[in-house]
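Starting from the known structure of chain W, fit chains B, D, X, L and H onto it as the hints suggest.
6 protein chains.
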Amino acid sequence: MSHELISHLKEGHAVHQFFLVRQAESRTTKSGQPFLSLVLGDKSGSITARVWSDVVAKCPGPFAPGDEVGVQGQVESFKGELQLNVQYIISVETLRALDKDLSEYDPELLCQATPYDRQELWQELWQLAESQIRPPLRQLVLKVLDRYRDDFLVCPAARLYHHPYLGGLLEHTWFVARHALASLSIYADLNRDLVLAGAILHDLGKIKELANPPAPERTVPGHLLGHIVLGRDMVRSEARGLEFSDPILLLQLEHIILSHHGAVEFGSPILPKTREALLVYFLDDLDAKLKMMSQHLESDSGEGDFTSYNRVLQRNLYKGAPPAANDREPDQEA
Amino acid sequence: MSHELISHLKEGHAVHQFFLVRQAESRTTKSGQPFLSLVLGDKSGSITARVWSDVVAKCPGPFAPGDEVGVQGQVESFKGELQLNVQYIISVETLRALDKDLSEYDPELLCQATPYDRQELWQELWQLAESQIRPPLRQLVLKVLDRYRDDFLVCPAARLYHHPYLGGLLEHTWFVARHALASLSIYADLNRDLVLAGAILHDLGKIKELANPPAPERTVPGHLLGHIVLGRDMVRSEARGLEFSDPILLLQLEHIILSHHGAVEFGSPILPKTREALLVYFLDDLDAKLKMMSQHLESDSGEGDFTSYNRVLQRNLYKGAPPAANDREPDQEA
Amino acid sequence: MSHELISHLKEGHAVHQFFLVRQAESRTTKSGQPFLSLVLGDKSGSITARVWSDVVAKCPGPFAPGDEVGVQGQVESFKGELQLNVQYIISVETLRALDKDLSEYDPELLCQATPYDRQELWQELWQLAESQIRPPLRQLVLKVLDRYRDDFLVCPAARLYHHPYLGGLLEHTWFVARHALASLSIYADLNRDLVLAGAILHDLGKIKELANPPAPERTVPGHLLGHIVLGRDMVRSEARGLEFSDPILLLQLEHIILSHHGAVEFGSPILPKTREALLVYFLDDLDAKLKMMSQHLESDSGEGDFTSYNRVLQRNLYKGAPPAANDREPDQEA
Amino acid sequence: MSHELISHLKEGHAVHQFFLVRQAESRTTKSGQPFLSLVLGDKSGSITARVWSDVVAKCPGPFAPGDEVGVQGQVESFKGELQLNVQYIISVETLRALDKDLSEYDPELLCQATPYDRQELWQELWQLAESQIRPPLRQLVLKVLDRYRDDFLVCPAARLYHHPYLGGLLEHTWFVARHALASLSIYADLNRDLVLAGAILHDLGKIKELANPPAPERTVPGHLLGHIVLGRDMVRSEARGLEFSDPILLLQLEHIILSHHGAVEFGSPILPKTREALLVYFLDDLDAKLKMMSQHLESDSGEGDFTSYNRVLQRNLYKGAPPAANDREPDQEA
Amino acid sequence: MSHELISHLKEGHAVHQFFLVRQAESRTTKSGQPFLSLVLGDKSGSITARVWSDVVAKCPGPFAPGDEVGVQGQVESFKGELQLNVQYIISVETLRALDKDLSEYDPELLCQATPYDRQELWQELWQLAESQIRPPLRQLVLKVLDRYRDDFLVCPAARLYHHPYLGGLLEHTWFVARHALASLSIYADLNRDLVLAGAILHDLGKIKELANPPAPERTVPGHLLGHIVLGRDMVRSEARGLEFSDPILLLQLEHIILSHHGAVEFGSPILPKTREALLVYFLDDLDAKLKMMSQHLESDSGEGDFTSYNRVLQRNLYKGAPPAANDREPDQEA
Amino acid sequence: MSHELISHLKEGHAVHQFFLVRQAESRTTKSGQPFLSLVLGDKSGSITARVWSDVVAKCPGPFAPGDEVGVQGQVESFKGELQLNVQYIISVETLRALDKDLSEYDPELLCQATPYDRQELWQELWQLAESQIRPPLRQLVLKVLDRYRDDFLVCPAARLYHHPYLGGLLEHTWFVARHALASLSIYADLNRDLVLAGAILHDLGKIKELANPPAPERTVPGHLLGHIVLGRDMVRSEARGLEFSDPILLLQLEHIILSHHGAVEFGSPILPKTREALLVYFLDDLDAKLKMMSQHLESDSGEGDFTSYNRVLQRNLYKGAPPAANDREPDQEA
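Residue numbers (the working numbering), protein chains in the order written: chain W, 1 to 334; chain B, 1 to 334; chain D, 1 to 334; chain X, 1 to 334; chain L, 1 to 334; chain H, 1 to 334.
Take these hints with a grain of salt, some might be off.
In this list, chains with the same sequence are indistinguishable; a pair is considered to hold if it fits within one copy or across any two.
Mimicking DSSO-like on lysine-lysine, the simulated pairs with C-alpha atoms at most 30 Å apart in a straight line are [to be verified]: (1) K43 - K289; (2) K43 - K10; (3) K100 - K10; (4) K58 - K43; (5) K43 - K319; (6) K143 - K10; (7) K58 - K10; (8) K58 - K208; (9) K58 - K319; (10) K208 - K143; (11) K143 - K319; (12) K58 - K100; (13) K208 - K319; (14) K208 - K100.
The set of hints was computed from the structure by calculation and includes no laboratory data.
Pulled out of the complex, with its shape left as it was, chain W reads as follows (with noise of 0.2 Å):
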């Protein structure tokens, strides 16, 4: 039976699927008996469950948020809003530990993902690196990129704010170092190999801050130390592997990584100090913003010109822009 899209759930609708879990809460009816409340997730948005308090006792518990979930219930409605009543719950651990068929069980339905085809970016990505730097940081940054694959491929942007969802990273870092090489062939007398390398290696340390990427959350070196110094930490441990040869360039190439956030009420211990790293800067703010404009933009289905309010950006967004057609050959129309 194949995964239909909470999106598409109807009432009366059988289910007999895998989720995520979002939230889990333990509460109990008027008449004191104990029941689940759950939130349950997949790649298109997500619906509330209740697991009475018999089906809680047949099934092996607990679930907990990010648990990846086998559900079988019937779709209800209750107060006008669509509900899962569930009559069977397992997870994919337990499932996979008593060596039950999993081939229906597709990771990448049950959360939000970027919605480009990773393997592409991965190696549009690497291309760049290898084509575009020249050593000693090409080798830098391709040592860097081999070993963390795995973590890029998963790892969110932000917990919250923008990208927030599978492959984020990656997909936020291949728009900032594609715009860096763009905006090297205007200021063509920065340093390029430090400027590709910034783009690239700026938010490294979000592989370390985030755990858990389907369902973010901070670890406790992101906590205590944050992502700015452990991604610096993570390309200088790689540096010193390699033996790298100019101290003094890979000291530009942390003072990039360190000073990303531009300014110091923005968390980075220091100002940029270099042209290349301002650029770096510029060009990762500038994405972080361009995507929650976007995100917010999709989010709003109310009516009017403009979104409801924002509050990270502080405005409303203008949605009434014409169709920008930019396919269109502009020579043809004079």
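Quick look at chains B, D, X, L and H alone, frame taken from chain W:
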């Protein structure tokens, strides 16, 4: 007698050429004799000049900052600094009124200017607008460029902070516009016409905010309305003349100009509410800051790896980056 | 059947009259039946209303915030709150299209408005402009007032914070203008015409920033340009029509409007650079803040000497001031 | 020999009159001889003075800023500046101790003062309090005014920024109080007595914060407690003496004084929580800023339409406003 | 029947004891019957209570937050939460007026309090003042402590943020005073008497700012003058009573109190201008922040290494620190 | 010939001793002759020196700030200032290379240093670490102290603001560590080892941030990474060498170092998230500010009760506190 650059003058030289008056002050010697203390400049630097009372008496003044003057004199040394002892001084304006020979007079020599060929920048900017923007914004942008061509060729981008010299606005606009074109290859779903038109026109108001390009000062409308509002008025007025067909598109272009300082605390009456406006804001700010860094690095003559403290950027800059040598082919070195 | 104010409705009343739709939402009952949940308002307050599916079926919708509607129904009590069970609902617009009798319809009853007589305020404001301002600003101000008379009579002074009701802009302008006149008796060396014209026109742009006065929302130009720039455009356009004779005087008036928020962080692209502009900024800000205090004091129904915390003013207000009793003659009491 | 104003002195004049010592420094000539370098002032300006060692030897010193001195000397020119070569100098205090003739001595001539007649301002302020405030605040205000009459007549309103001269506090208070009366005609529902008492007493603490009115400096209590707390103490102490009958009313008056800087970042320990306090805060701030603008405009002797940059106001001011000519009758010109 | 702590109540329990009313609201059932919804508290927590209309009718009300009440009722479960069904309720005040037996009534049980023995803290604080401060400040401090002994024993240190419970002010003062004594062993050249007196008296004004210690709320003087000014007044008034012999010393103590928030943006009208004042400011702020951290850590019942986000501290706190085990002797372990 | 302190030099003295070059500039006399203008210093102050062209010719230069030099010359008076007319000058480095007698050379005399005996401070700091910290942090701290012993003995605590002299870092660390020990007696539930290790190591990075202790300047890593990150790296690297057994404990120590500026706007990439980190931040900040106050008070030679305005502290300081006389026994005076 051809112009000798101030940076080449030495003690004992006789001088007979044109300068720009940068500062002018009337003073009195200890013995009570009035004299003129001037600072004279050309594109290479500046020199203090003294006009003693007997010379003042026979030269038709007064002389004010911004005046171009012909000067005869002798280079002397005073307290270790070169100084020009003026034997005759007369303004170019007076020479012109007297129908004197001005064949040696070349205003381009007398003040700082963009290092780029301004005619070429202008051609490229025009070409970019003509080939990359589609109607109806194409007509609007070309109409504006056409009307303000002469101003663009001389106007600085700012009075003090970045590109504060002849053609500075043109150089800044050219960088921002080309960078916008490069950015659109990455963020292809933005409205290309709006981004390019915004990039080209965002600082248009500088033309009415700043008078006297060789020694720029704010005009009354520049002080009382500001270049952001002035520039948007100029675009709007041109659009009215063209009977611009798409009022919503025009409104978005006005929005880009009004919001291009990015935040109210930097003087934009409105925050960028479209991704197009956000991009133009970032590219403008980035070009200004990169230029300020370049200017500060170039002006630094001290020893050490870091420049002196820059009060506007609030930091010292790193001077020791290894030469970029970007001309080498990266592929050949692996 | 005459209008019964919402504040006077009681359980069991039958209702047959007009309301303003303040909120409208489509919902579904537990049994899966769609219904409409509305909030209906008049000048005295608001009440929740339910339109069950059978009624929805026979009434021509849809209904949106801002709509004026005729309603038949019954007042009931639900969880201790009064609620209107709607038996029939139809928009005034549809009634008008059907040429129905609207003799009972009085839009003034349906939404909040200034407690002052708006016609009187208007007369006094006009009178003040006509008698106190000298040419050429007198003609300009009167021309603007004349053109926007109808708007002034309905436009609120703000969407939420102060005077957010019909005629709010007029009330606010009337207070600021009269206060300006009083201040000029103390600061007699200020330019009287500029101060009075600025006081009357400073918030003119609200008329184009806010649409739909009974339930004000920002227009597209309001969002993208802001009321400060819009208002200054309106004055400038009127001056152009009049072939206003004194461009420097006009520039100063535009400056007062552009700078009337007093600081860039409050959205003025320019700081007040004349004493006239400074005075208008203070009087505007003072009237808005005094009104916000009055509104908060009036809305407070709690016990104790202080109001609840006001988030905009960031403080609690003191309620316990002894009655002013200013009507008593001070001299008689010594 | 009558006083010749410093602004009227010319090279060669012989001087025999009184001055105020503004600065005093002991120095040594190149040849090792000690001398006194003074800055002497009167109400029209200031002049540098030299007291060479032979004169120092025969004159009873020392001389400190704030001292009033009798001087005999000669006006000379040094490096284009006038300078006073002192032949004899003696303090007024010493003259008085020696019982010398001081008939020419007029302290009013020696330092800057309000341009208004201070006795008249005082009478009007008293009159306003007596006629407009009702008991019991009337008695309190008059008691305070009576006790501090002599201080009001000399105290400046601030050390540096606004009204920094003899009678400055009186002038400032007079403007704020009269403006408050005018504002009450617009905001008639405010507590008239509190507003007027607050307006008159808000800056009372300046009297204890600033010592030595001709050359004001902060006292120890001024530094350690501040004028806001000091002023409120003075009012409270007077009220205790009067056995003031209404403690809540007194508390509100104290609140106006403590909160009259309007925001904690400007040194008020508490925000205005009544409309009366808000009004007094605005009127105080407005008068101070208008005065700072006037002072800066008057002090500007440069050319151009704008003044030099004012660091406190953080802006240039516009000088080009057309003369107000408010004396013309507006009605006659239509 | 002895008091059962709220944290120990279970479904089905019968209750017959005293509580503190924390919240009180009048509501109506769906069927239109009025009832009281209360939140009742004791030192261990709080519980919702319902008083249905028949019970309301026979119980003498009204009941307001802060009231202490005797209650008879039954613990029930509603939507998974415990709730108290009240069968009778009467205020302690009424019981007392009726001369009823209050032997079971123990106010200490009814609200949160410092975990320390308050009598002991008081003794130690007195002892510290008596033994460590020299005259004349010793007498002043002891006089103040003596007068406000009863208040110190109950007053909280703040309404919400830190030590918001009975005796909180005493606990906070005791920590700051002992820490000051410890700091003086390091910074021995500071004025010991001033530091200790300042540490003990810095928050004295809380006693007049906050009324009703079990459910603290701001008084009118607390709102209009603030605890900083109130506390300094209390000290000053006591000093006047003692005819305090050293006015400069007193001024410095007043300065410590007025400046102890350290910065004007935190409500001090004056900055610390002595090292003694700076030290007291730091020790006060440190104790408050350490306590807020402890409170937040204790209140956190979630899993994971970090607490939930604390809005006042603007951070998550780390919970995973290994137990300090400071009791072990460090020397024995090397 | 023994060293005569600069503060003791008088006109006419012959000088033959060592100095530290603080500033060095090449200039030209009016007659075109080059000369050297130096500022020479020792621990007591500084003096201007002139090296005329004939002397320059015979002395082996060049001379740069930070150089130690032997000087023969004559003290003269110029414009009332003492000045040293140099007859011979040679660097200590050259003297050493030439194997000259340097028995009189004592670098301690040549620059400012902590007034404490640095060897003693060092012993006490070591003793504190050894006796008070338990394993495994004890070993780590002692290892770090051991490795950087020589640096601690000379490094200043800051370039300009506090303890800007030889041994300043040691003095500052000693105060913070002892204060931490004292604070732990009050806040006994904090992790003692972490607090003490953090207090001792918090500013360790200064050693790599600042080069050339007698005339400190920032290093390249100091500029590009900052002392916060550098110091944490040094600790981490030492822990790696020791195979430190408790990674979570190490992480918390790193957290204390990274967060010890307390707020991101002061350059900490992370906020203190443990009470231990909060305490170290407070004690560091307090010691720095108390020292800045002491330095400013000591440097103030003016009259009056208050110092001149201190720009970093943004206030004047009170000088008039009565002598503490803490040596007297408090008990004897009651």
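Now for the hints, and whether the structure bears them out:
In this assembly of identical chains, K43 and K289 lie within 30 Å of each other by CA distance solely inside one copy; the values are 23 Å within and 41 Å between copies. Taking CA atoms no more than 30 Å apart as the test, K43 paired with K10 passes inside one copy only; the shortest distance there is 17 Å, against 42 Å between copies. With identical chains, the CA atoms of K100 and K10 are at most 30 Å apart within one copy only, with a shortest distance of 29 Å there and 42 Å across copies. With identical chains, the CA atoms of K58 and K43 are at most 30 Å apart within one copy only, with a shortest distance of 28 Å there and 40 Å across copies.
Taking the shortest alpha-carbon separations for K43 and K319, only the intra-copy value of 25 Å comes in at or below 30 Å, while the best inter-copy value is 33 Å. Taking the shortest alpha-carbon separations for K143 and K10, neither the intra-copy value of 49 Å nor the inter-copy value of 57 Å comes in at or below 30 Å. In this homomeric assembly, K58 and K10 come within 30 Å of each other (Cα to Cα) both inside a single copy, at 27 Å, and across copies, at 27 Å. In this assembly of identical chains, the alpha carbons of K58 and K208 never lie at most 30 Å apart, being 38 Å within a copy and 60 Å across copies at closest.
Taking the shortest alpha-carbon separations for K58 and K319, neither the intra-copy value of 50 Å nor the inter-copy value of 34 Å comes in at or below 30 Å. Taking the shortest Cα distances, K208 and K143 sit within 30 Å of each other both inside one copy (17 Å) and across copies (29 Å). Taking the shortest alpha-carbon separations for K143 and K319, only the inter-copy value of 29 Å comes in at or below 30 Å, while the best intra-copy value is 43 Å. Taking the shortest Cα distances, K58 and K100 sit within 30 Å of each other inside one copy (18 Å), while across copies they are farther apart (55 Å).
Only between protomers do K208 and K319 lie at most 30 Å apart by alpha-carbon distance; the minimum there is 19 Å, versus 36 Å within a single protomer. Within a single copy, K208 and K100 get their C-alpha atoms no closer than 32 Å, and across copies no closer than 58 Å, so neither meets the 30 Å cut-off.
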